[in-house]
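Colleague: As given, the protein sequences belong to chains B and V, one line each in that order. Last residue of the first sequence: number 291 in our numbering, and the count goes up by one each step with no gaps. Last residue of the second sequence: number 280 in our numbering, and the count goes up by one each step with no gaps.
Check before you lean on any hint, since a few could be wrong.
What the hints assert, rightly or not - Rough simulated footprint, nothing fancy, chain V against chain B, three-plus residues with beta-carbon under 8 Å: (1) 37–44; (2) 148–155.
What the hints assert, rightly or not - Restricting the straight-line Cα-Cα distance to at most 25 Å, the calculated cross-link-like pairs of lysine to any residue (SDA-like) are: (3) B:Lys155 - B:Gln227; (4) V:Lys264 - B:Pro40; (5) V:Lys93 - B:Thr215; (6) B:Lys273 - V:Glu272; (7) V:Lys275 - B:His95; (8) V:Lys143 - V:Phe120; (9) B:Lys81 - B:Lys64; (10) B:Lys14 - V:Leu274; (11) V:Lys275 - B:Ile272.
No wet-lab data here; the hints were simulated from the structure. From the three backbone atoms N, C-alpha and C, an ideal C-beta is built for every residue, glycine too.
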Amino acid sequence: MIGDLKELTKVKLKNLDKIFYPTVNVTKGQVIEYYITLAPKLLPVIRDRPLVLTRYPDGVDGGKLSFFEKDAPQGTPEWVKLKTIFSPSAKRDVHYIVCNDLDTLIWLANLAALEIHMPFSTVDNLDKPDLLFFDVDPEPPATLSDAAEVSLLLKDKLRDLGLTPFIKTSGKKGLHVVIPIVPEHSFEKVRAFVHKIGIDLAKESNIVVSEFKDTKKSGKVFADYLQNSPLRTMVVPYSLRPTPEATVSTPLEWSEVKKGINPSDFTIFNVIKRKENPWKAIFEKRCNLEI
Amino acid sequence: MTQENEEEKIEEMTESSERVSAPPPKRSIWSGSITIGLVNVPVKLYSMIYDKGIHFHFLHSVDGQPLKYVKMCTKDDKIVPWNEVIRGYETSKNEYITLEKGELDAAKPESDDRIRIIKFVDYFSVDPIYFDKTYALMPNKNKQAYALLLRALEKQNKAGAGRITLRTKEYPALLHAYKGALVLTTLRYAYDVVDPQDFEDIHKLKEPEKVELDMATKIVGDLTGSFDITEFEDTYMKRVEELIAQKVKGEKIHIEKPPEVEAKGLMVALRETLKQLEQK
Numbered sequence: 001m002i003g004d005l006k007e008l009t010k011v012k013l014k015n016l017d018k019i020f021y022p023t024v025n026v027t028k029g030q031v032i033e034y035y036i037t038l039a040p041k042l043l044p045v046i047r048d049r050p051l052v053l054t055r056y057p058d059g060v061d062g063g064k065l066s067f068f069e070k071d072a073p074q075g076t077p078e079w080v081k082l083k084t085i086f087s088p089s090a091k092r093d094v095h096y097i098v099c100n101d102l103d104t105l106i107w108l109a110n111l112a113a114l115e116i117h118m119p120f121s122t123v124d125n126l127d128k129p130d131l132l133f134f135d136v137d138p139e140p141p142a143t144l145s146d147a148a149e150v151s152l153l154l155k156d157k158l159r160d161l162g163l164t165p166f167i168k169t170s171g172k173k174g175l176h177v178v179i180p181i182v183p184e185h186s187f188e189k190v191r192a193f194v195h196k197i198g199i200d201l202a203k204e205s206n207i208v209v210s211e212f213k214d215t216k217k218s219g220k221v222f223a224d225y226l227q228n229s230p231l232r233t234m235v236v237p238y239s240l241r242p243t244p245e246a247t248v249s250t251p252l253e254w255s256e257v258k259k260g261i262n263p264s265d266f267t268i269f270n271v272i273k274r275k276e277n278p279w280k281a282i283f284e285k286r287c288n289l290e291i
Numbered sequence: 001m002t003q004e005n006e007e008e009k010i011e012e013m014t015e016s017s018e019r020v021s022a023p024p025p026k027r028s029i030w031s032g033s034i035t036i037g038l039v040n041v042p043v044k045l046y047s048m049i050y051d052k053g054i055h056f057h058f059l060h061s062v063d064g065q066p067l068k069y070v071k072m073c074t075k076d077d078k079i080v081p082w083n084e085v086i087r088g089y090e091t092s093k094n095e096y097i098t099l100e101k102g103e104l105d106a107a108k109p110e111s112d113d114r115i116r117i118i119k120f121v122d123y124f125s126v127d128p129i130y131f132d133k134t135y136a137l138m139p140n141k142n143k144q145a146y147a148l149l150l151r152a153l154e155k156q157n158k159a160g161a162g163r164i165t166l167r168t169k170e171y172p173a174l175l176h177a178y179k180g181a182l183v184l185t186t187l188r189y190a191y192d193v194v195d196p197q198d199f200e201d202i203h204k205l206k207e208p209e210k211v212e213l214d215m216a217t218k219i220v221g222d223l224t225g226s227f228d229i230t231e232f233e234d235t236y237m238k239r240v241e242e243l244i245a246q247k248v249k250g251e252k253i254h255i256e257k258p259p260e261v262e263a264k265g266l267m268v269a270l271r272e273t274l275k276q277l278e279q280k
């Protein structure tokens, strides 16, 4: 049996019985199986992007070690594609992992990289974002349901501007609205555009705030524009999150975005069974941003 | 007694003669008296429980030198000497009240040399969940008083309930007979033990069908045997011990791969995904 497995992937899988999500009893093997199953939907979106990982070698139980990883770890196989980018803050080269194939994705899962994050631009055009990002982030007691309401307002606004927004749950408490764009503008310009939309939205809805200083006001929903910056990231669509219920950042159809939506409705157990991929055509519909 | 029975008996005896136990400690950790009303039984207290484990030292991988811990100030990362360390209690995030050593010492329980027995109880009426650590009590000078108390407890299967102060902590304790000796088991306080009924999950239990219960009862019945603690061992520790023994002898260590796991689900998923990716 294991001999066959070796023929199917270059990755040497180990400790498959290890529990990664103790509350719902999900093993490392199940996590790898999940990423393998979702690979056809996930790989096209993360293609050619320098990735940032959060690794949970002992699973997600409270207090267990986890770490953020940008640099490819020691022992990275030579077949894993890397992109070297100089980090001005660390004053050294950082070797980012680029995941364009199934084996690399399996290798990441085998490293216990439960969470995968990606920037809004690709390796060959790092300074020009090809995705525009709204982080719709509710501050309790505001909930995902409130974030859904705000996202629907946002969708109408964006469609009025001739844009094609896509949406996913963050896997935690918020929603992510993303627009594929032709990579021709600087991050600065795109960020200003996203910020302006947030300001307009805040004028129309009294639960929306558009400024970072207001984010801690309880019951408000922040339309966060700040991530639209070089090498800032969002959690990738279909990435697992380190929540006790093993929630997933799940791409949704706009028709699924409604009041009463609950983040724990989207977990490793049911996302693996979702047939359709609402983000399937995301890069076939790149918008020209007129700014 | 028939021949067969005799053989069985012999077998049983050889089995039980292979005792597995830890060596007795050389030094007592406490001496004092068991006090029951006006009666005193002088005893010495020995540890009976080992937390056996393998202890490793941290070394610097570069030069093999042992490492030590230092206390560092979180503000300027400077090493702080012990005489500048005081105790603080966090009252809210990043806010502390400090306590002087003298203040803490004053609050410590009066360290006395008594095991104060308040009453006698049926040994089996004490829920073992409260058992903390067991100590052997050995007679100190007066063996007669010790023997008298031991036999009296053995005869009635009773245990003395009381308290003892060890170092700075006061424990509820149970004095009882075990394998022909007096032992003392310190107990946990009621507020340190969780009641499983306080978990909500336990309240949703459904009563099983009779047929199912009969089946389960039969399985339990079929697998019933007598309990033998020596059937259990820490396999990880044993392997590490073997590893150390080999290293000491200078043998080359052969790292064995963990046993392979059934990866059927993974293979199915892999085949399906590879097929899908090929179609693109």
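Colleague: Of all the hints given earlier, name the ones this structure violates by number, lowest first.
Modeller: 2, 7, 9
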